[in-house]
Amino acid sequence: MAVGGTMPPAGLDNLKHIVVLMMENRSFDHMLGFAASADWAIDGISGSETNTDSVGGIAQVSNDANYAGDLTPDPGHSGFDTLTQLYGDPFTPVAKNPVMTGFVRSYEGKGLASQDAHRIMKCFSAQKLPVLTSLAQQFCICDRWFSSIPGPTFPNRAYMHAATSIGRVDMGIDWRDLTPTIYERLAENKLDSVIYYHDSTMASTFNGLAGNPDFFGSFDDDFLPACADNDLPTYSFLEPRFANSPGGNGEPAFSASDQHPDHNVREGEALIQTTFKAIWSNPKVRNSTLLVVVYDEHGGTYDHVPPPTTINPDGKTWINDGVSQDPSFDFTRLGVRVPAVLISPYIPPGVIDHRVYDHSSIIATALKLFLPNVAGVNLTLRDKNANTFEDNLTLQQPRTDNIDLGAGAKSEAPTAAELNQPINDHLKMLVRQAAMMAGDDPDKVIQSITTEAQASAYLQSHARAAGANH
Amino acid sequence: MDSVQGRAIWRLVVAIGAAGCVSILASAAQAQAPAANNTPVTGTTDWDQWKSNCALFGDLKKKFIPCATSTFRSRPFHFVAQSIVPGSAVGGGGRYSQDFNENNGSQNTLQATSLITIRKFWYAELKFTTIRAITADWNKSGESLALTGYARNRSLPVMTFYGLGPNTNVNNSVKFSQRDTSAGVELTTPFPEISWLSAGGKVEGLWPNVAGVTGTNVVSIQQVYTEQTAPGLATQPPFAHEQIFFRPHKRFLERYEVNYNLAYNLYQDASTGHYSFRRFEGNFEHRFYPEKKKHGGVIAQNYFSVAWRYSVSTATGGSAVPFYLQETIGGSDIDNQPSLRAFKDYRFRGPNLLTVKAEYDRKMCEACEPCKPGIIRTVCTHLGLLLAYDAGQVALHRSDFDISQMHQSFGGGVSIYLGKDVIFRMAVALGGGEGTHPYFNVGNFI
Chain A
1 MAVGGTMPPA GLDNLKHIVV LMMENRSFDH MLGFAASADW AIDGISGSET NTDSVGGIAQ
61 VSNDANYAGD LTPDPGHSGF DTLTQLYGDP FTPVAKNPVM TGFVRSYEGK GLASQDAHRI
121 MKCFSAQKLP VLTSLAQQFC ICDRWFSSIP GPTFPNRAYM HAATSIGRVD MGIDWRDLTP
181 TIYERLAENK LDSVIYYHDS TMASTFNGLA GNPDFFGSFD DDFLPACADN DLPTYSFLEP
241 RFANSPGGNG EPAFSASDQH PDHNVREGEA LIQTTFKAIW SNPKVRNSTL LVVVYDEHGG
301 TYDHVPPPTT INPDGKTWIN DGVSQDPSFD FTRLGVRVPA VLISPYIPPG VIDHRVYDHS
361 SIIATALKLF LPNVAGVNLT LRDKNANTFE DNLTLQQPRT DNIDLGAGAK SEAPTAAELN
421 QPINDHLKML VRQAAMMAGD DPDKVIQSIT TEAQASAYLQ SHARAAGANH
Chain B
1 MDSVQGRAIW RLVVAIGAAG CVSILASAAQ AQAPAANNTP VTGTTDWDQW KSNCALFGDL
61 KKKFIPCATS TFRSRPFHFV AQSIVPGSAV GGGGRYSQDF NENNGSQNTL QATSLITIRK
121 FWYAELKFTT IRAITADWNK SGESLALTGY ARNRSLPVMT FYGLGPNTNV NNSVKFSQRD
181 TSAGVELTTP FPEISWLSAG GKVEGLWPNV AGVTGTNVVS IQQVYTEQTA PGLATQPPFA
241 HEQIFFRPHK RFLERYEVNY NLAYNLYQDA STGHYSFRRF EGNFEHRFYP EKKKHGGVIA
301 QNYFSVAWRY SVSTATGGSA VPFYLQETIG GSDIDNQPSL RAFKDYRFRG PNLLTVKAEY
361 DRKMCEACEP CKPGIIRTVC THLGLLLAYD AGQVALHRSD FDISQMHQSF GGGVSIYLGK
421 DVIFRMAVAL GGGEGTHPYF NVGNFI
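Note that the protein sequences, when read in sequence, are chains A and B.
The first sequence begins at 1 in our numbering and counts up by one.
The second sequence begins at 1 in our numbering and counts up by one.
It should be emphasised that the hints constitute simulated quantities derived from the structure, not laboratory data.
Certain hints may be false.
Estimated spans, in silico, between C-beta atoms of each pair [stated by the list, open to error]: (1) A:Asp64 to B:Asp421: 45 to 51 Å; (2) B:Arg255 to A:Gly406: 34 to 40 Å; (3) B:Asp335 to A:Lys410: 35 to 41 Å.
List time: in silico SDA-like cross-link candidates among lysine to any residue, alpha-carbon distance up to 25 Å [what the hints assert, rightly or not]: (4) B:Lys127 to A:Pro252; (5) B:Lys420 to A:Met437; (6) A:Lys277 to B:Ile134; (7) A:Lys110 to A:Val55; (8) A:Lys284 to A:Leu395; (9) A:Lys16 to B:Glu291; (10) B:Lys140 to A:Glu412; (11) A:Lys277 to B:Ala300; (12) B:Lys140 to A:Ser411; (13) A:Lys190 to B:Lys294; (14) B:Lys140 to A:Gln273; (15) B:Lys120 to B:Thr181; (16) B:Lys420 to A:Ala210.
Residues of chain A placed beyond 10 Å of chain B at every Cβ, according to the derived structure [as the list claims (entries may be wrong)]: (17) Ile58; (18) Phe91; (19) Gln325; (20) Ala407.
Every residue, glycine too, gets a C-beta built ideally from N, C-alpha and C.
Model the full structure from these sequences, guided by the hints.
The following block contains the structure:
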């Protein structure tokens, strides 16, 4: 069933909450491409898609991706890397249509032999991702949802919070000037929003949120009880766990659940399942909540759909200063396609939404639903012009059928190897952010932190030192 | 804990502060030394973090709490500052913890702790704990199995004894010394098919040793008491202690929580059998969390609790319950649990006990994390209030319990928090007819 028309929405009168779970760094094809079938006609992959390596070798997509181990070193996904993946040449003007041919050569650039770089074409079989695939098939999958810029985590997440990255494509740690955010806009209109996180959130640096504990909560200690108690705010943003934690000190060990390469993808499945069940097990919450599961960007993994053009949000542009590798960019091209699943009992099974979305579509939808009569409510031109997706809630009565998650997923403690693995660039930046917020010297702190366990300990100790309840 | 101990706490604080200053200077000197090369520092995170948090340069006000946290929580080694038993005063020591995580999700921890107080009480313990997840369908609670093996020794050179029973005189105290050695294993497991119940058991060997004390203005226990009036004074045999327990516990309607513990103990005199006895214990705690975070869970540090404790010991066939294994109320008991805070520590001792304890704990301010807290919030989030009411009675025989004759006390004070843990409590209690009693409790800084 495909939608795209202007069918009047039905379940919206009951919609009181939007919950967004944003995972890390996996493309649409990498996660769901091989699930395409005649019965579920998403824009997936046929199995014959290829890229060429630097010596002319052909790398073909395959459905044998492993939960972990395929993507070390971390595939490139900076502006430079992503434009390489889109065009082959990162300095190609983004007004040109991407050809999606540079993924393998970009991965070779991480120091891999040509044949080893073919791993970037590996995708998951549907059987390996029962939770994400089941939810996508039993609710609504958006198969034209693109990351907001062809670049890394922080600027893409910035679009999720503020519909702009304020002209940045870099992974710098200081995002204090990112304002207004959706949280501030909702608060101005007396609506509550909370960022529930596990071990870190880049939102801790936002000047508009810092100093106000009402904007922050713990996933385990606050989000899950809020679901059980039907006390969700109007808008919730959920951060996954970014670091493998060894536990001890009276605390259990936890595996990273963000699915950032090369973290165990099954842990992310478990987090998605936990989130879904928390909402679904309370009928009052289930019938009043729209859950959006989305990935911030592709993380360097392969996708075959060229991202379309878009609108610059605020007139700001990124100018290459000769120091950064990232080419100048005017924010008129979206990033690589990512998985996005909409979940509500008012959505019938099997909906496939082919319209173009990016992360600012969530902001646009939330503002349209919750502040329909407020003038000038949009944050930037990007969300003002973004497609909204609320009309996928078409049922007159909420579904009561059993949602089968197949084999499901169960979280497990990290292995010694996972605890000792070198930290990825994103986690490195989160540690630096925590150091900056604590008044420590980020450069000095990061020198002594090389493993996941160390990074987790640093993030947790700063939460403890601040007297956090989690 | 009396005022002498209160002064002792401050002396220790000063001593720790001085030691900290020395460490800070050493750290600063090291930090300012030129690096041999530009290779990354590869020391342990906690050690590097301690150096960073406690270095002299930078904003000292901002670094006080992180430095204290690093000092008392770093792994694998951190300092500990705590009391051992009531009357021991506060002491200092160290703890080494090594975690061994296995691929199957189990967590193993080896921990060695040693501590000595300013009154020369000391304590040493070696403990190994393994926690294993149980994924079987019968585990309805999702709790883990925990197995702990331990060996510990503590030396308590001056303890106070007021005699046995509910009617002893506060002015007739004597002193004795006690040394406890114990080793054993304890197992706790979720109960099959019942999500609100766990169960377990413990087997341990006890090697107690009790003796008199010498000193000026001190009345030693042998001068006043005999084997008849203080059973166990003449000889202290080794004991085999077996315990089984059931722990019903449940959080319901989010704000209410019950924690019960029902235990049956067998203490077997491994020498003559004369001091063998059985003990049934019941602890029944009810908590109510009145405050919730906006759009979140309850604030776990703010709660009302009411707890009943009932303990009866039975020695048959001419046996006797040794006085050093009898229950006590007054101040805090030998496990540092408060009871009848308006009375002196160990004020009443007997084989049977009934207590009621009501408390209101409130952390002054909710933490603001990951926000940037100001000074007022920083101070506020580390302070808490405590209101307490206690009632209790010991009895030489179960039939002697008389609720109308229970001793009572009430009081209040302040708590200091480090994160979510109470690290220090200071309170004043009265109402027992024996004056006002200050109450201090230094939490374990783990």
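Structure-based check of all given hints:
1. One distance hint, 45 to 51 Å for the beta-carbon pair Asp64 (chain A) and Asp421 (chain B), holds here, with the actual separation near 47 Å.
2. Judged by the Cβ atoms, the range 34 to 40 Å given for Arg255 (chain B) and Gly406 (chain A) holds: they are separated by roughly 36 Å.
3. For Asp335 (chain B) and Lys410 (chain A), the Cβ-Cβ distance of about 38 Å falls inside the hinted range of 35 to 41 Å, so the restraint holds.
4. A threshold of 25 Å between alpha carbons decides the hint, and for Lys127 (chain B) with Pro252 (chain A) the separation of about 18 Å falls inside it, so the pair holds.
5. Of the supplied pair hints, the one linking Lys420 (chain B) and Met437 (chain A) holds, its CA atoms being roughly 20 Å apart against a limit of 25 Å.
6. Our distance criterion of 25 Å between C-alpha atoms is met by Lys277 (chain A) and Ile134 (chain B), whose separation comes to about 21 Å.
7. The hinted pair formed by Lys110 (chain A) and Val55 (chain A) meets the criterion: a straight-line CA distance of about 16 Å does not exceed 25 Å.
8. A distance of roughly 17 Å separates the Cα atoms of Lys284 (chain A) and Leu395 (chain A); the hinted pair therefore holds under the 25 Å criterion.
9. At most 25 Å may separate the alpha-carbon atoms for a hinted pair to count; Lys16 (chain A) and Glu291 (chain B) meet this at roughly 24 Å.
10. Of the supplied pair hints, the one linking Lys140 (chain B) and Glu412 (chain A) holds, its CA atoms being roughly 17 Å apart against a limit of 25 Å.
11. Straight-line distance between C-alpha atoms of Lys277 (chain A) and Ala300 (chain B) comes to about 24 Å, which keeps the hinted pair within the 25 Å bound.
12. The suggested pairing of Lys140 (chain B) with Ser411 (chain A) holds, with an alpha-carbon distance near 16 Å, which does not exceed 25 Å.
13. The hinted pair formed by Lys190 (chain A) and Lys294 (chain B) meets the criterion: a straight-line CA distance of about 14 Å does not exceed 25 Å.
14. Restraint check for Lys140 (chain B) and Gln273 (chain A): the C-alpha separation of about 18 Å stays at or below 25 Å, so the hint holds.
15. In summary, the hint linking Lys120 (chain B) to Thr181 (chain B) is supported, as the alpha carbons are separated by about 17 Å, within the 25 Å threshold.
16. Our distance criterion of 25 Å between C-alpha atoms is met by Lys420 (chain B) and Ala210 (chain A), whose separation comes to about 21 Å.
17. For Ile58 (chain A), the condition that its CB be more than 10 Å from all CB atoms of chain B holds, with the nearest at approximately 37 Å.
18. Non-interface status of Phe91 (chain A) relative to chain B is upheld: no Cβ of that chain comes within 10 Å, the nearest being about 32 Å off.
19. Listed as a non-interface residue, Gln325 (chain A) keeps its Cβ farther than 10 Å from every Cβ of chain B; the least gap is roughly 22 Å.
20. Against the 10 Å criterion, Ala407 (chain A) stays outside the reach of chain B, whose nearest CB is about 14 Å from its own CB.
Hint compliance for this structure: every hint is met.
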